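Asker: Sequence:
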Amino acid sequence: MYRSTACRTAAPKNAARCTRRDVVLCQYQSTDPQIMVLESRSATDGLARRGVLLAGIGISLAMLTDLSTGSAQAANITTVFVAGASGATGRRVVRELRKRGLKVRAGVRDVEKARSNGLQLDDKVELVTADVTQGPESLLSAIGDAQAIISAIGFNGGADSKGYEAIDNKGNCNLVDAAKQKGISRFVLMSSLLTNGAAVGQRFNPGYIILNLFGNVLVQKLESEKYLRSSGLDWTIVRPGGLSNKPPAEVGNLIVGKEDTLFGRPSDPGKDISRDLVAAVLVEAMLQSSASNKVVETVSSESAPQLPPDQWFSSL
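Residue 331 is where the sequence shown ends in our numbering, and the numbering goes up by one at each step.
Check before you lean on any hint, since a few could be wrong.
Derived pair list, reagent style DSSO-like, types lysine-lysine, alpha-carbon separation capped at 27 Å [said to hold, decoys possible]:
no., residue 1, residue 2
1, K261, K273
2, K128, K261
3, K118, K273
4, K177, K273
5, K114, K241
6, K177, K195
7, K139, K128
8, K118, K128
9, K114, K309
10, K139, K118
11, K195, K241
12, K273, K241
13, K139, K177
14, K195, K261
15, K241, K261
16, K261, K114
17, K309, K118
18, K273, K309
19, K197, K241
20, K197, K309
Pairwise CB distance ranges, derived in the manner of DEER restraints [as the list claims (entries may be wrong)]:
no., residue 1, residue 2, range
21, Q196, S304, 22 to 30 Å
22, Q321, K128, 17 to 25 Å
23, S282, S304, 40 to 48 Å
24, D138, N91, 18 to 26 Å
25, S304, I224, 32 to 40 Å
26, D125, Q321, 36 to 44 Å
27, G159, G247, 29 to 37 Å
28, S307, G173, 33 to 41 Å
29, A214, D175, 22 to 30 Å
Calculated directly from the structure, the hints in this document are not laboratory data.
Quantities reported herein were computed from a predicted structural model and do not represent experimental measurements.
The beta carbon of each residue, even a glycine, is placed where N, CA and C say it ideally should be.
Construct the complete structure from the given sequences, taking the supplied hints into account.
Answerer: Set out below in structure tokens:
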């Protein structure tokens, strides 16, 4: 059952002025052949919708593994529920979690299809049926014994506004409610650049206009952001630029910006980002306390300098 009052449009607020000090620049360097194979099996992943605005990167696996294992232990996280785990970004999140030794409950619509596509990497990945449109109670068994949730859900059905409302908006609200019922405090949400565009002087930004042609997707995502922020959970919202299936090394280095500072404009330091890199940012945001209760905006650029993962969120 949807909670129709959960996601309302709030009054716009004044935009903060963006400065270069609001941006953190860093590098992520690694590709995953199996991820690329899985990608080729996906006929529709929404790239046309998201890629209009914003695309790619790769990291030292040893660096991430050593760093994140300690963070996970400190946070008492051993198992993570991933919503949208069979999606183009979600399956990368599953792999990033396994690289760090964490167990995964991979929420999917069709378990057998996900298994045939290779999502069940090993016996530490459990595929579970999870339909976020059916209300929070239907998600409780899927979440199981997880101590954290990463939501990588998103509707990929073109201009059907009902789909974006049901999944990007109310679907995420249902996940938040389920987390509260399960006593889970840590929640990381994948959103998008420009969700708050109308309130920060970007109403006429071509990216904001074009993306909202697809069922007002940015408006719907913003509502789920607001709901999460008011939930009392320990949250992080990651707003990536245009999502690319290209390996990270083909796009450049990670740029991390504060809330409402990156808009995909020609004057901005970057506009695109690899799904591989977004997955790493989502997992690191879950594990690092410096990302707690913050909005993280991410793009990439070949000209950006390198920064290690343990400093990705330190200046936000």
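Asker: Is it true that the CA of K118 sits at most 27 Å from the CA of K273?
Answerer: violated, 30 Å
Asker: K197 and K309: Cα distance at most 27 Å?
Answerer: holds, 22 Å
Asker: Taking 27 Å as the top limit, are the C-alpha atoms of K197 and K241 close enough?
Answerer: holds, 20 Å
Asker: Please verify whether K241 and K261 have alpha carbons no more than 27 Å apart.
Answerer: violated, 31 Å
Asker: Decide if the proposed pair is consistent with the structure: K139 and K118, CA atoms, cutoff 27 Å inclusive.
Answerer: Between K139 and K118 the Cα gap is close to 5 Å, so the pair holds against 27 Å.
Asker: Taking 18 to 26 Å as the stated bounds, is the beta-carbon spacing between D138 and N91 within them?
Answerer: For D138 and N91 the Cβ distance comes to about 22 Å; the hint holds.
Asker: Taking the CB of S282 and the CB of S304, does the distance hold inside 40 to 48 Å?
Answerer: Given a distance of about 33 Å, which is not inside 40 to 48 Å, the answer is violated.
Asker: For the pair Q196 and S304, does the Cβ-Cβ distance stay inside 22 to 30 Å?
Answerer: At 24 Å between Cβs, range holds.
Asker: Take the C-alpha atoms of K118 and K128, compute the straight-line distance between them, and say whether it is at most 27 Å.
Answerer: holds, 20 Å
Asker: Holds or violated: K273 with K241, Cα cutoff 27 Å?
Answerer: It holds: about 17 Å lies between the C-alpha atoms, which stays within 27 Å.
Asker: Sort out whether K241 lies within 27 Å of K195, counting only the CA atoms.
Answerer: Holds, at about 16 Å.
Asker: Is the hinted range of 36 to 44 Å satisfied by the C-beta distance from D125 to Q321?
Answerer: Check passed, 40 Å falls within 36 to 44 Å.
Of the hints listed earlier, those the structure fails to meet are numbers 3, 4, 5, 13, 14, 15, 22, 23, 27, in rising order.
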